[in-house]
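A.B. asks: Sequence:
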Amino acid sequence: MFKTIGFLLLTATFCSGQNAYCQTKSRFTLADCVKYAVENNIDMGIAKIDERMSKLNYQYSKYELYPSVSPSVNYGTNFGRSINPTTNQFENTSFSSLGLGFNTNVLLFGWFQKRKNIQSTYLSSELESLRKEKVANEVELTVITAFLRVLLAKEQIKNAELQIGISMDNQNKIQKYFEAGKSNRLDLAQALNQLSLDSADYLQAELNFKQSEFELKAIMNFSVENDLELITPENINDLSVEKLEPLLIYDVAKTNLPEIKITSTQKKIASKNLEISKAQSLPQLSIYGSTGTNYSSSYFEKLPNGETVAMPFGKQFGNNLSQYIGIGLSVPIFNNLQSKKYIEQNKLQVQKQIAYEYEASQKLKQEIFKVCVEYNIAYQKYLSNCSRKKYSEEAFYAASKRFESGLINHSEYIIEKNNLLKATNDQLASKYDLYFKNLQIQYYSNSISSK
1 MFKTIGFLLL
11 TATFCSGQNA
21 YCQTKSRFTL
31 ADCVKYAVEN
41 NIDMGIAKID
51 ERMSKLNYQY
61 SKYELYPSVS
71 PSVNYGTNFG
81 RSINPTTNQF
91 ENTSFSSLGL
101 GFNTNVLLFG
111 WFQKRKNIQS
121 TYLSSELESL
131 RKEKVANEVE
141 LTVITAFLRV
151 LLAKEQIKNA
161 ELQIGISMDN
171 QNKIQKYFEA
181 GKSNRLDLAQ
191 ALNQLSLDSA
201 DYLQAELNFK
211 QSEFELKAIM
221 NFSVENDLEL
231 ITPENINDLS
241 VEKLEPLLIY
251 DVAKTNLPEI
261 KITSTQKKIA
271 SKNLEISKAQ
281 SLPQLSIYGS
291 TGTNYSSSYF
301 EKLPNGETVA
311 MPFGKQFGNN
321 LSQYIGIGLS
331 VPIFNNLQSK
341 KYIEQNKLQV
351 QKQIAYEYEA
361 SQKLKQEIFK
371 VCVEYNIAYQ
381 KYLSNCSRKK
391 YSEEAFYAAS
401 KRFESGLINH
411 SEYIIEKNNL
421 LKATNDQLAS
431 KYDLYFKNLQ
441 IQYYSNSISS
451 K
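Here the sequence shown is numbered in my numbering, starting from 1 and rising by one per residue.
Honestly, I wouldn't trust all of these hints.
Label-pair ranges, simulated between beta-carbon atoms [what the hints assert, rightly or not]:
1) T255 with K347: 40 to 50 angstroms
2) D43 with T255: 17 to 27 angstroms
3) S286 with Q59: 42 to 52 angstroms
Calculated cross-link-like contacts (lysine to any residue; reagent style SDA-like; alpha-carbon spacing at most 20 angstroms) [unchecked claim]:
4) K389 with I236
5) K158 with N418
6) K134 with S361
7) K370 with Y444
8) K267 with N117
9) K173 with I157
10) K389 with S361
11) K210 with N419
12) K268 with T255
13) K401 with N419
14) K134 with I260
15) K210 with K370
16) K55 with G45
17) K158 with L228
18) K401 with N418
19) K114 with E64
20) K158 with D426
Keep in mind that the hints were calculated from the coordinates and are not lab data.
Note that CB positions come from ideal geometry on N, CA and C, so glycine has one too.
Could you build all of it, start to finish, from the sequences and the hints given here?
C.D. replies: In structure tokens form, the structure reads like this:
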């Protein structure tokens with residue numbers, strides 16, 4: 001199923017080191033995480049059960065075309081006055097009786113009502129398969145979002161560690177200057193305060209990382225107690241933007257995404273139900289028959305020598321054998337206009353599904369145009385943040401030199417340091433945001449490539 005959703009090829013292209021894995025594996029690429037989630041996610045498990053149930057309904061609906069055969073057997077003991085089933089006369093005696101019978105019914109012609117019902121159950125099974133595919137796509141996108149959040153949080157931890165190192169070096173310098181009488185208590189207090197703030201930022205980054213990792217494990221249904229080491233995609237920094245054609249992307253997506261196929265299949269089911277309701281209002285021609293025989297312990301016969309004995313079991317079954325065959329025509333003339341009501345309801349349901357199909361198509365188009373606009377804006381924001389980080393690094397380097405030379409005070413130095421921290425975090429966030437939007441574009445535009 002995973003091959004049909006058109007996304008493993010995408011993630012494999014964007015990720016490195018695709019290896020065979022099992023549940024005990026701890027090193028995961030993005031493709032590994034997606035595959036593991038699709039196989040183990042709870043929502044996916046429920047969707048797979050729903051699909052199997054719908055296929056089971058379709059499989060057994062085909063048996064409705066076969067004749068019905070109902071064998072029957074009954075055995076009993078009579079006391080007192082009762083009718084003997086073999087002589088059909090009242091008797092005031094005790095006796096045992098055994099009866100065997102077979103009944104059959106065959107619908108000769110029912111205006112294809114059963115065939116249309118089979119077609120409807122087949123479409124229902126296809127609908128559940130599409131819903132499973134849709135759930136798989138949603139799981140994939142959710143996994144990608146959580147995966148990138150973990151990587152972002154991991155990089156922010158490294159940035160926080162770097163800031164702590166800078167603050168510790170600065171605090172040591174201020175301490176030495178203070179002891180040598182070249183600095184004051186205010187600068188030393190500010191340096192210690194900044195080290196505390198950077199330590200708090202580091203702890204927050206660690207918390208964000210753990211929360212993001214727990215979220216990813218929950219989506220994947222991965223054991224919380226097991227380690228999960230993520231492999232960063234090789235092309236995480238390859239974020240060049242190609243010219244986007246939203247209408248071309250939409251033409252591909254509307255043909256292949258399950259969201260659109262679901263509404264189309266629902267419309268087909270509604271049309272088939274309309275045909276079924278019309279067929280139910282037409283006559284039905286059936287043939288039916290039965291055969292049976294019985295045995296009674298009180299059924300006697302006279303032998304040629306005049307002796308009266310109970311008729312043997314086999315002889316009674318042969319003598320009492322009966323058959324019946326008949327043809328029935330059922331014509332629904334008036335049923336309180338229920339058939340007319342069902343037909344009108346199903347006509348409205350078809351119109352409703354047509355509207356849903358159009359709505360889904362329009363929502364998809366709006367989503368694609370929105371993603372394309374956000375993609376271009378995210379790229380410009382990423383370039384801006386890269387420039388901002390570069391200039392913040394230069395400004396902090398200059399501030400460090402000027403502070404060491406006594407040309408600026410410690411407060412100005414801390415301002416430039418914090419500006420660099422914010423610029424670095426913003427650049428990281430915009431990088432991963434752009435990378436995710438890149439995957440979204442590929443998801444919509446490549447949905448046909450691996451079908």
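A.B. asks: Taking the hints in turn, state whether each one holds.
C.D. replies: Structure-based check of each hint:
{"no.": "1", "hint": "T255 with K347: 40 to 50 angstroms", "verdict": "28 angstroms, violated"}
{"no.": "2", "hint": "D43 with T255: 17 to 27 angstroms", "verdict": "25 angstroms, holds"}
{"no.": "3", "hint": "S286 with Q59: 42 to 52 angstroms", "verdict": "24 angstroms, violated"}
{"no.": "4", "hint": "K389 with I236", "verdict": "18 angstroms, holds"}
{"no.": "5", "hint": "K158 with N418", "verdict": "15 angstroms, holds"}
{"no.": "6", "hint": "K134 with S361", "verdict": "15 angstroms, holds"}
{"no.": "7", "hint": "K370 with Y444", "verdict": "12 angstroms, holds"}
{"no.": "8", "hint": "K267 with N117", "verdict": "15 angstroms, holds"}
{"no.": "9", "hint": "K173 with I157", "verdict": "24 angstroms, violated"}
{"no.": "10", "hint": "K389 with S361", "verdict": "41 angstroms, violated"}
{"no.": "11", "hint": "K210 with N419", "verdict": "26 angstroms, violated"}
{"no.": "12", "hint": "K268 with T255", "verdict": "16 angstroms, holds"}
{"no.": "13", "hint": "K401 with N419", "verdict": "16 angstroms, holds"}
{"no.": "14", "hint": "K134 with I260", "verdict": "10 angstroms, holds"}
{"no.": "15", "hint": "K210 with K370", "verdict": "32 angstroms, violated"}
{"no.": "16", "hint": "K55 with G45", "verdict": "16 angstroms, holds"}
{"no.": "17", "hint": "K158 with L228", "verdict": "18 angstroms, holds"}
{"no.": "18", "hint": "K401 with N418", "verdict": "16 angstroms, holds"}
{"no.": "19", "hint": "K114 with E64", "verdict": "7 angstroms, holds"}
{"no.": "20", "hint": "K158 with D426", "verdict": "14 angstroms, holds"}
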